[in-house]
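Peer 1: When you get a sec, could you build the whole thing from the sequences and use the hints?
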Amino acid sequence: MAHLSDSDDPKSPFLPIQEAQTHAHNNPPHGNGNWRSSVSSLFTKKNLYIVLGPFLCAVICLCVKFDGPVTSRNMLGVLAWVFTWWLTEAVPMPVTSMSPLYLFPLFGIASSDEVASTYMDDVIALVLGSFILALAVEHYNIHRRLALNITLLFCGDPLNPPMLLLGICATTAFVSMWMHCVASTVMIMPVASGILQRLPAESNAEKSDVIKKFCKAIVLGVIYSALIGGMSTLTGTGVNLILVGMWKKYFPDEKPIGFNTWFLFAFPLAFLIFCVLWGILCLLYCPRGSGKTLSAYLDKSHLKRELEILGPTTFEEKMVLGVFLVLIVLWMTRSITDDIPGWGALFNDRAGDG
Numbered sequence: 001m002a003h004l005s006d007s008d009d010p011k012s013p014f015l016p017i018q019e020a021q022t023h024a025h026n027n028p029p030h031g032n033g034n035w036r037s038s039v040s041s042l043f044t045k046k047n048l049y050i051v052l053g054p055f056l057c058a059v060i061c062l063c064v065k066f067d068g069p070v071t072s073r074n075m076l077g078v079l080a081w082v083f084t085w086w087l088t089e090a091v092p093m094p095v096t097s098m099s100p101l102y103l104f105p106l107f108g109i110a111s112s113d114e115v116a117s118t119y120m121d122d123v124i125a126l127v128l129g130s131f132i133l134a135l136a137v138e139h140y141n142i143h144r145r146l147a148l149n150i151t152l153l154f155c156g157d158p159l160n161p162p163m164l165l166l167g168i169c170a171t172t173a174f175v176s177m178w179m180h181c182v183a184s185t186v187m188i189m190p191v192a193s194g195i196l197q198r199l200p201a202e203s204n205a206e207k208s209d210v211i212k213k214f215c216k217a218i219v220l221g222v223i224y225s226a227l228i229g230g231m232s233t234l235t236g237t238g239v240n241l242i243l244v245g246m247w248k249k250y251f252p253d254e255k256p257i258g259f260n261t262w263f264l265f266a267f268p269l270a271f272l273i274f275c276v277l278w279g280i281l282c283l284l285y286c287p288r289g290s291g292k293t294l295s296a297y298l299d300k301s302h303l304k305r306e307l308e309i310l311g312p313t314t315f316e317e318k319m320v321l322g323v324f325l326v327l328i329v330l331w332m333t334r335s336i337t338d339d340i341p342g343w344g345a346l347f348n349d350r351a352g353d354g
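Number 204 in the working numbering belongs to position 204 of the sequence shown; there are no gaps in the numbering.
Hints may be right or wrong, so weigh each one.
Unchecked claim - Computed list of lysine-lysine pairs in DSSO-like fashion (alpha-carbon distance at most 30 Å, straight line):
#, residue 1, residue 2
1, K318, K207
2, K318, K213
3, K292, K212
4, K213, K292
5, K292, K304
6, K292, K216
7, K300, K216
8, K304, K207
9, K300, K318
10, K212, K304
11, K292, K207
12, K304, K216
13, K318, K304
To be verified - Computed spacing ranges between beta-carbons, pair by pair:
#, residue 1, residue 2, range
14, F66, Y119, 49 to 57 Å
15, G194, C63, 53 to 61 Å
16, K248, P94, 24 to 32 Å
17, P94, F324, 23 to 31 Å
Everything labelled a hint here was simulated from the structure, so no lab data went into it.
The beta carbon of each residue, even a glycine, is placed where N, CA and C say it ideally should be.
Peer 2: As structure tokens, then:
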């Protein structure tokens, strides 16, 4: 019989294959034990949550009295089913989000054609496209390169804290205009944190107060700038897209809200709010004389070193930037004004922003 292996390799088996097979042959598994283990494996918390959704739906559809039509009661049951899966995460989130695609036709709530068309609505396609673009930008570190270049342009030499704050806030607002504000905050905050990590913990109380205030200004500036930038375009925040969908549904005879229409309305307002934000942050957190304290730790050489680490612009980055710019141009020129039609007129206005 083979001896036990003395190898410390974690991938090596505890028993040699021949001995394991002999051991299994001499000691056949007990049928009752396997049956019990199989049954017990079914009663896990996750499986119970999976069954709980359909169970609640069945209870509501069969036992709850509803004065309205049967489809309303069925809809309540489907909501209980979907919410149960959503809250417990019994199945992956994408599976739960796609469940109405087969539950609505199954319970007679809506036809499969109607449900499928809502999943590929113009607003949904616009959200999907903006998130795909955000993933591409983040994957190739384009946001980091953009933030460093704009900050390098604004920071001044010697360092001017209000201008450095303006550069970081302007970068965040610009990125948030074309991507979801939450995604842009997640992308820009590490860049801002990398700049702030150059600032040490000072023992001097006066210098320490200046550094803490500037750190607060940067963090608050990134957060609020993302929200303000998201106001100016349809893709910046989900609330704007919900408004477009509701407008299209409840006012079908009115002219739909296009990307350019919303931009011309919201961008001037967002720009004014951004200027007010920058002024307030400078007034509260960037006092006079702070540049002398901060310039000892922050200068253009640090930003230039960060850009050198990124290296030259790659072909992939250029392609993503090209698609990004083409997408912005298409959004802005699909419908220019009431008197000046855009490229959407070539397709009888059937092409949407999505």
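Peer 1: Would you mind marking each hint as holding or not holding in the structure?
Peer 2: Consistency of the hints with the structure:
1. K318 with K207: violated (42 Å)
2. K318 with K213: The given pair, whose Cα atoms are some 37 Å apart, is violated under the 30 Å limit.
3. K292 with K212: holds (15 Å)
4. K213 with K292: holds (14 Å)
5. K292 with K304: Given pair K292, K304 holds - Cα atoms ~20 Å apart, limit 30 Å.
6. K292 with K216: holds (18 Å)
7. K300 with K216: holds (21 Å)
8. K304 with K207: holds (25 Å)
9. K300 with K318: holds (25 Å)
10. K212 with K304: With a Cα-Cα distance of about 24 Å, the restraint between K212 and K304 holds, given a limit of 30 Å.
11. K292 with K207: Since the Cα atoms of K292 and K207 sit roughly 10 Å apart, the hinted pair holds (cutoff 30 Å).
12. K304 with K216: holds (24 Å)
13. K318 with K304: holds (20 Å)
14. F66 with Y119: 49 to 57 Å: The hint (49 to 57 Å, Cβ to Cβ) is violated, given that F66 and Y119 are roughly 27 Å apart.
15. G194 with C63: 53 to 61 Å: Because 58 Å falls inside the window, the suggested range holds.
16. K248 with P94: 24 to 32 Å: holds (26 Å)
17. P94 with F324: 23 to 31 Å: holds (26 Å)
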